[in-house]
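Residue numbers (the numbering used here), protein chains in the order written: chain A, 1 to 388; chain B, 389 to 777; chain C, 778 to 1017.
Just some of the chain B residues that point at chain A, by a computed CB distance under 8 Å:
id: 1; residue: Leu410
id: 2; residue: Thr411
id: 3; residue: Gly414
id: 4; residue: Ala417
id: 5; residue: Thr418
id: 6; residue: Ala420
id: 7; residue: Glu502
Straight-line distance between alpha carbons at most 30 Å, and here's what the computed DSSO-like set of lysine-lysine pairs gives:
id: 8; chain 1: A; residue 1: Lys4; chain 2: C; residue 2: Lys891
id: 9; chain 1: C; residue 1: Lys918; chain 2: C; residue 2: Lys891
id: 10; chain 1: A; residue 1: Lys198; chain 2: A; residue 2: Lys93
id: 11; chain 1: B; residue 1: Lys591; chain 2: A; residue 2: Lys72
id: 12; chain 1: B; residue 1: Lys591; chain 2: B; residue 2: Lys470
id: 13; chain 1: B; residue 1: Lys591; chain 2: B; residue 2: Lys497
id: 14; chain 1: A; residue 1: Lys142; chain 2: A; residue 2: Lys93
id: 15; chain 1: A; residue 1: Lys329; chain 2: A; residue 2: Lys142
id: 16; chain 1: B; residue 1: Lys624; chain 2: A; residue 2: Lys198
id: 17; chain 1: A; residue 1: Lys4; chain 2: C; residue 2: Lys898
id: 18; chain 1: C; residue 1: Lys918; chain 2: A; residue 2: Lys4
id: 19; chain 1: C; residue 1: Lys898; chain 2: C; residue 2: Lys918
id: 20; chain 1: B; residue 1: Lys624; chain 2: A; residue 2: Lys93
id: 21; chain 1: A; residue 1: Lys72; chain 2: A; residue 2: Lys198
id: 22; chain 1: B; residue 1: Lys591; chain 2: A; residue 2: Lys198
id: 23; chain 1: B; residue 1: Lys624; chain 2: B; residue 2: Lys591
id: 24; chain 1: B; residue 1: Lys470; chain 2: B; residue 2: Lys624
Treat the hints as calculated values from the structure; they're not laboratory data.
For every residue, glycine included, the Cβ atom is placed at its ideal position computed from N, Cα and C.
Here is how the chains run, residue by residue.
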Amino acid sequence: MSLKLVWRFLLSHPVRSILTCGSIVVAVFLLCVLRTTVVALGSSIEAAAANRLVVQSSVSLFVPLPLSYQPKIEQVDGIEHVIKWTWFGGYYKDPQNFFAQFAVDAAATMEVYPEMEITEGSYDAFLASRQGALIGRDLAEKYEWSVGDRVPIIGTIYPRADGGAWEFDVEAIYDSRNPAFGEQTLLFHHTYFEEVLKAEQGPEALAAGVYIMRIEPGTEPTTVMAAVDALFESGPQRVQTTTEAEFNRQFVTMFGGIPTFLSWIGGSVLFAILLAAINTMLMAGRERTRILGVMKAMGFGSGSVFALFVVEAVVLCGAGGLIGVAFAKLVETPIAVALSTMMPGFVLTTETILAGLAVAVGVGLVAALVPAIAASRLRPVEALRAEV
Amino acid sequence: MALVPFKYTLRSLFVRRSATLLTVFGTGATVAVLAGVLSLNKGFEALFEAHGREDLVVFLRPGAQSEGESAFSDDRADILLKSLAEVATNASGAPLASAESFLAVRLRKTDGGETNVPIRGVQPATFAIRAGEIRIVEGRNFQPGSDEVIVGRPVSERIRDASVGDVLTLNTTPFRVVGIFEHDGPLDSEVWGDVERMRVALKRPVYNRVLAQLRPDAEVAALAARLEDDRQVPAKVQTEREYLRNQTGMLSGALQFLGFFLAVIMGTAAVFTGTNTMLSALASRVHEIGILLSTGFRPMAISLAFLLESLLLGLLGGVVGCLLALPLNGVETGTTNWQTFTEVAFAFRVTPDVLVRAVGFALILGLLGGTWPAVRAARLDPTDALRRR
Amino acid sequence: MSEQALIRVRDVTKTYRRGGEELRVLEELSLEMQEGSFYALMGPSGSGKTTLLNLVGGLDRADSGEVWVGDDELNGMAGAELARWRADHVGFVFQGFNLIPVLTARENVELPLKLAPIGAKRRREQAEYALELVGLADRAKHRPSQLSGGQEQRVAIARALATDPLLLLADEPTGDLDRASADQILDLLQRLNGELSKTILMVTHDPAAAERAQTIVHLDKGRLGRLEHPAAAPTATTGS
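Based on the provided sequences and hints, a complete structural model is requested.
This is the structure in structure tokens:
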């Protein structure tokens, strides 16, 4: 069928074409953002490393583990490194400025988290500095911190005895190759953490949040997990060793009904634009009854007439889809930065882009179907008689 | 000014019923989404803010955002429990104050998987403070000092081994479930037991918060100011309502943002569709408008008729949207209190307020969608309009 | 006539249903028409003129009987086959012109050529030739809304001619036109019949228009009425 004719039809009602295309733009944009959100919610599971295992208290996420566990875990076969990893839960100046901080065993951290790449400062400087901190790129940009800065962090779980802030020296900045391991994290020395706690609260306050281990290549994770769990079966704190994916899953499931809710919203959006597109194509079909009758009289078959509508709707909706995806791409970075503390991994995937376009084209196809079927069934004699 | 008869508007909507229906349902879907988000937020607010009492105060360690982060050693808690003049007393003169422990404990759900359930250790005074609020609906209350617990009704349904007679093991200690309780606010998402037994079983060296009922004449602000810098027991003092509002602020804010974001984005699409429908209505009635103009109707009257028709479309969309959203009322859903990482169950609440706002939103969509077509209608030249068919 | 007639209509009956009422438009009609002739179909409203035109043009099918055009029997063809046949054999001209408003004159004329297996260049040349035939080569780039009624109808005729069809079928081609424009159209049709030997079948109400044909076929209540030969042409039409 003549593309020129399709194009002319679209241009003959510029306002209607633009408004319809606009609805599709808006809808595809929204669908991409919603889907990206849902994907991001689960990205920490998808992107988890297979060779990292986490040892946590089997009682509660908030119960720390004794420091004495570390040497015992190290005895288990198949483990390359075990590091302490303690959630610090502080903020910078104001509770609004909340981001993740962890006290870690700095020496082996880079081995366990190879996705970190030091791009400013040096890892050795971080290791050598007692109050040193290693921070993510986004964090550095958000608060305009650079190497050499002293950063005050107020601890909500571990307040200083004098009511003041903990102070850390930024020694290195990392970029992350893994979108689910965000760049809004501050890591500092567990040794410094212990030193302060011991002095201010006594030795009984010392503990580690979780232990993260990297297992040797070829080791069966389930064997290691069972062996570690068995070590502390009778207390004092029973532990639960899981893969990193399982560990992350417990946070993801906390989103509860939110992914379902977002999917429902997406469904409604889809429904609404489908109706809008059908509306437009029906209008186009109605006003073209006579033209179609003439074309049929000329000998154009039902297939051509059908194709005319389908191509028109697909061009219109496809264009809307492309623009919608482009808008989604445009807001990707700002949203990703805004959400990164809460929900890293807000990345517009190729899959989402394709899904957005497929939805747009699919809506076009379905919307074209109604008038197209009507038109292809239209008997030319009746079409020619139609009043428009 | 003579107005175009209302019948014309109704007839026009009926004659073009396929376009009318498509527009109404499209707008309806948009309105339903907004109503859904609003009613989710309503359910959330109803659970937290509506049940926070003004006469109760919560003491936390300074700097703590929630009781999970807060801690009071035994001697400090003792001072708060016994030495504050603002705290009300019972008939025998004992202060109505209770030290509580709080821990989000990993428990298995009945449908598989794990979730964090708040385990609260309470002193007997808690029940005096919350007399009438906590209702035991099955079994009995736990005996102070014993390894017994009572479980909130929703928790008993979702969590394994949490029915009366079951044994719930916390770390290594078995606790017997002896009762099920209800609370209209967030407390029935919790498991309660004796605070001292909980501290032993869960190895908690400290209390997490102190809860107290104030005398009617007590000044909360003054108490808060006094304790903020207290050398002996520095504490952050909030009324229970304030405390709960702070707990939900983040999620509530997120929901409000989501509602606003969706309303703007989906509303734009709905306005586009409405405009399209009305422009097509205009195009098919040019001749008729020519007749109306030539019989003496003012362009303004024609304009108003179009605006009215569009508003009516919006209204119908609003009604459809509300009807679509109504079945959500009472549907239970769960999310997490991010301050304590515990699960919170709550229900959508499609209140009259939500419906009014949804219909208002639909009318705004109708108004915006009708504006441009109405302007175009007013600009039609009567002789030209008569000629066009 | 020793040769077989181009159009042979045999015992054709056609009934329409309107609002539950059966309306018999053609009643066992039989008629033949010769190649290269110009026929006018006349008769009061409801006499079946347009129906007959549509049947001969393959736009509609009879309830019973046969419609032969050359070696093809149209009444037995399926919809798609009929559409192909129309593309190859007929050109239609309508009372309301029915040009596609979004296309220029030349593009309108080119449209039916899209169904022919020829390249874009040939298509363009053929469309320009057809426009030249109707005297509108200089209006090729105008949209229908920029043309007068008479010009629009000439573009429509050019469109009907573009594929060089066997039959040119016109349904009230002058019905919407003033006298002067109508005469121009009728001159054109006569010229096409005379110079290019096009077989033309024209439905009309207008006696002056009908006068231009070689044979006037009168229909009355679905039956064949009398035949007239206004120009005293030797063309024969035999009814039975």
